[in-house]
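Trainee: Okay, here's what each chain looks like letter by letter:
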Amino acid sequence: MAPIQNETLKPKYIDFDLNFKPSPIFTDSGLGASGDILLKTDADAIKQSVASILQTNRYERPFQHNMDGRTRRLQFEPEDTDMIWKKSSLKKPNSMKNSFGGIHSAVFRHEATNAINRFEPRAAGSIIEIKKTQRGEPLVQVQFKTLDTVEEVSVNIKRDR
Amino acid sequence: MAVDYTGSSTTSTTNATTLGSVDFTKLDFNDIKSSLKSFLEKQDLFTDYNFDGSALSILLDVLSYNTMYYSFYANMIANEMFLDSATQRDNVVSLSKMLGYVPKSKTCASAKLELKNVSGSEQNIVRGRQLANANGVPWFFWGATGFTLGSGLTANAVVYGSNGLVQGEGGTIIGDRTVDTDTLRVSVNDGVTSETWSLMDSNIVSGLNGDDKIYFVDSTYDNYYTVKFGDGVFGKAVTNNAIITKDYLIGGNGNGDNGVVVFSQADSNISINKVVLPSSGGSEEDTLDDIKYYAPAFFQSQNRAVTKLDYDALIRKDLRTVTSVNIWGGEENNPPRYGRVFVSTTSSSAIDTKKIVDVVKNKSVISIIPEYVAPKYNTIYFRNFTVEYDKFNTAKSANEIRDLVRTLMGGGYQFGLIKSSLLFENLNRDVLGVERSVVGLDYFLIVSQNTLNTSPSGSYLFDFGQPLRTQNAVNNDFGQVIYSSEFAHADYASEGSVFYIQNGADGVIDLYSNVDGVRTLVTTNVGTYNSETGFIYLRDVQASENFTVYYEPRSKNVVSKRNIVFQREADWPNTDHPITIEEI
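These protein sequence lines map, in sequence, to chains W and G.
Numbering (my numbering) for the first sequence: 1 to 161.
Numbering (my numbering) for the second sequence: 1 to 584.
Do not rely on the hints blindly, as some may be mistaken.
[What the hints assert, rightly or not] So, partial list: chain W residues that the calculated Cβ filter (under 8 Å) puts toward chain G:
#, residue
1, Ala45
2, Ile53
3, Arg61
4, Asn66
5, Val107
6, Glu111
7, Arg122
8, Leu139
Simulated from the structure, these hints should not be mistaken for laboratory data.
Note that this is a predicted model, so its numbers are computed, not measured.
Quick reminder that beta carbons are idealized off the backbone N, C-alpha and C, glycines included.
With the rest of the complex left out, here is chain W (with noise of 0.2 Å):
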């Protein structure tokens, strides 16, 4: 790995990329890439952790079985449950009246904000919608503030059918 020369601009946060690319920048010895794994670093490792802990499942993270992000649950979550609400005595409440499917997305929504708060405490506070995509499909938006640069950061994650 080719040495980072201004320890000013040394990020605070790093991780490898999931997806295991190699980087086309740092080289050995300049005649192509090292091969060396990409690397996330402050906001795009945040948002990177952000995302595994809502793809991850209840029992999928060995001796952690309490890390669920319950993304894949929306996965099968009507695309709309108005008709419910019409039966229901109850009435749909305005603060879903955009949100991507019923009672489960409120549900959703919460459990999800607390693995954020429990798991990534640099995402702490964050804000979540889900909306759907064209295609009709879950689309659950993530909005933080990285409680060192105060910079403002999104993260959607999409689940196909």
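Got chain W; can you put chain G on it based on the hints?
Mentor: Relative to the frame of chain W, chain G by itself:
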């Protein structure tokens, strides 16, 4: 990046780290992960290891899981390599094989029945014929050879309680794990003749030659049993293409089939006249604990009965209902009988005592003859049983403390087993343990033995095995250190209807009559006693009924010797002999 094995980068400014900081003693997942994190703290290539969502954390999870998996696996391998710590039955069985031990199979209970042919024709009682039902299982005749029972005739036959029988099974593996290997019969057909071969104890190969038609029973790694034959040197080898057939019974209800006295008819042609001997001998297969206990003991005995412990191990290995065993040499007997070894046992259910001798007689030293002696039950009477307590040290009343002591001394306290002695030290400790205010215990003992049958010759031998109290220190109400219950005496009918014995002077026993409360010496020196060994020999007491001899031992301790088994007076404590609670 170019990183050498120590973790230091040759091209970055990262500080060198060494493997020396890794804690190899941590084996749990979380500990291993913490250790890896500590290791990563010493570098700055990656910093996100502390965040659970990071890719690095996922990598640490995988590494930790893998490490834990292999450490667990290595731990299990190490555990399973030793008999003490192995938990898998197949491993325990394999380890016991190294000690020459074959786990015992289930055994079927057997009973002897008197059968009657109620058909109009002869009946062949052949091996495998079901003759009775009892306890939810069929009972089969399984004798090596059958017999013919004429119409209207009766005969005794031994039947075995089993969940089924297998006859004519091929191959060497016994196909049912619940087999009773004692009932196994193996035949070998070499293409010319079919013969039944003999079972050999797995440990004995010495003395065999290449023509001996024998087989061994061994256990397999998957908990089956298998039949093994000789190799042509130790035992005859089985020829190629020989046909092997096996007959055996499948185990029944184990211990549950013992003591059955009611059998119902299973064959309309054969009725059951009576039960000659109730069922006995049924037992379960070896548990893991059994194998761990018996395999080393069996190895120590080397399948030879030389020491007392050898006899103990061999008997317990084959007869699982035995609860206690005592072995003593003939020189310890009274009178001494040199060249004999005496065995006495107690059992949770009736056992065929002949089997006990059979187990050891071929393994004992030449010229030593094992002999079974039935246990002799001595009844212990607690007298003046007094418990002292400090009333200022408890909120409990005397009655409550009495109840606690009574519960402690409940029916089975330390009694009922051979070699189980009553020691004041232990009893005192237990009584003091019932409540903190209890500070002392005192009692004296009387021991009794019954005559089981009247002796036509008038001679009786009582073995109390304890030193006798001296007459001037006697405690009991009768006032003698040896005395008996009353009995009728044929020789002195004119001198009264009730007689008893008591100790006289200088080690002799005298005969007394009791007429309306007046004790009169009838004759002296009808027997002798030894005040140190506890033997009482009556040589001329023509009692016409059974009687009980009472003996006051010198000590508060009574020690079980030879075949003596202690049992407590059944209805103690009672009004006459209560547990007394005294305040101090």
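Trainee: The structure should be examined with respect to each hint, and the outcome stated for every one.
Mentor: Hints versus structure:
{"no.": "1", "hint": "Ala45", "result": "6 Å, holds"}
{"no.": "2", "hint": "Ile53", "result": "4 Å, holds"}
{"no.": "3", "hint": "Arg61", "result": "6 Å, holds"}
{"no.": "4", "hint": "Asn66", "result": "11 Å, violated"}
{"no.": "5", "hint": "Val107", "result": "21 Å, violated"}
{"no.": "6", "hint": "Glu111", "result": "15 Å, violated"}
{"no.": "7", "hint": "Arg122", "result": "7 Å, holds"}
{"no.": "8", "hint": "Leu139", "result": "20 Å, violated"}
Hint violations for this structure: numbers 4, 5, 6, 8, all remaining hints satisfied.
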